[in-house]
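Chemist: Sequence:
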Amino acid sequence: MVNEKDYHFRPMEASDLDAVMAVEVRAYSHPWTRGIFAGCLKPGHSCWVIEKGSRLIGHGVLSAAAGEAHLLNITVSPETQGLGIGRHFLHHFIDIALGVKAETLFLEVRPSNLPAVHLYESIGFNEVGRRKDYYPAVEGREDGLIMAYSIAADSLWTDD
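The opening residue of the sequence shown carries number 355 in our numbering; numbering runs sequentially from there.
Simulated from the structure, these hints should not be mistaken for lab results. Glycine included, C-beta positions come from ideal geometry on N, C-alpha and C. Some clues are possibly wrong.
[Stated by the list, open to error] Pairwise CB distance ranges, derived in the manner of DEER restraints: (1) E481 to S383: 14 to 24 Å; (2) G407 to M375: 18 to 28 Å; (3) A420 to K359: 33 to 43 Å; (4) N467 to T387: 34 to 44 Å; (5) I477 to A381: 28 to 38 Å; (6) P465 to G436: 27 to 37 Å; (7) T387 to R409: 31 to 41 Å; (8) P397 to P465: 25 to 35 Å; (9) Y488 to G389: 16 to 26 Å; (10) G483 to K359: 31 to 41 Å; (11) L468 to P397: 16 to 26 Å; (12) Y488 to E422: 15 to 25 Å; (13) P365 to E493: 35 to 45 Å.
Kindly generate the complete structure, drawing on both the sequences and the hints.
Modeler: Take a look at the structure:
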């Protein structure tokens, strides 16, 4: 399991985009573009990286408004997957959503990405819908599972 002292989070900067893209293209068959990440660095998004030492090993983007937060991207480098880093990073984004008073955190995930689906379910995300043909795939399109995490209902994340 991940030792939280070995990793640190910090806001993403424009100077990180080369390293972000290096991880993104290794992690996905249909990665986000550099332009998408650059656009997310503008106000309205919360962009973060996770580092081990000085090496960027993951990145993520969250958007929040009107009591909802949307995790638009969360990526951990393939060589560090399976070590608990994604779980640690996801909790970081739940904390951010809580900090902006979001009651629900939403995300989309490919149904074929079973490790991610299992991670989200193990934390408490539930499938609340599907987006038909949402993702490009090697052969056509793939649906997107819409998953939601109720921050307001989780006593671990409230100030009782």
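Chemist: Each hint should be assessed against the structure and marked as holding or not.
Modeler: We went through each hint and held it up to the structure:
Judged by the Cβ atoms, the range 14 to 24 Å given for E481 and S383 holds: they are separated by roughly 22 Å. For the pair G407 and M375, the supplied restraint of 18 to 28 Å holds, since their beta-carbon distance comes to about 20 Å. A beta carbon spacing of about 36 Å between A420 and K359 agrees with the range 33 to 43 Å that was offered as a hint. The hinted range of 34 to 44 Å is not satisfied by N467 and T387, whose Cβ atoms lie roughly 20 Å apart.
Distance hint for I477 and A381: a CB-CB separation of about 19 Å, inconsistent with the stated range 28 to 38 Å. Look at P465 against G436: about 20 Å separates their beta carbons, and that is not inside 27 to 37 Å. At roughly 23 Å, the beta-carbon separation of T387 and R409 lies outside the given 31 to 41 Å, and the hint is violated. P397 and P465 have their C-beta atoms about 33 Å apart, which keeps the hinted 25 to 35 Å range intact.
At about 20 Å, the CB distance of Y488 to G389 agrees with the hint of 16 to 26 Å. Between G483 and K359, the C-beta spacing of about 38 Å keeps the proposed range 31 to 41 Å intact. Restraint check, L468 to P397: a C-beta distance of roughly 35 Å breaks the suggested window 16 to 26 Å. The hint said 15 to 25 Å for the Cβ distance between Y488 and E422, and at roughly 18 Å that hint holds.
For the pair P365 and E493, the supplied restraint of 35 to 45 Å holds, since their beta-carbon distance comes to about 38 Å.
This entry does not satisfy hints 4, 5, 6, 7 and 11, going by the numbered hints stated previously.
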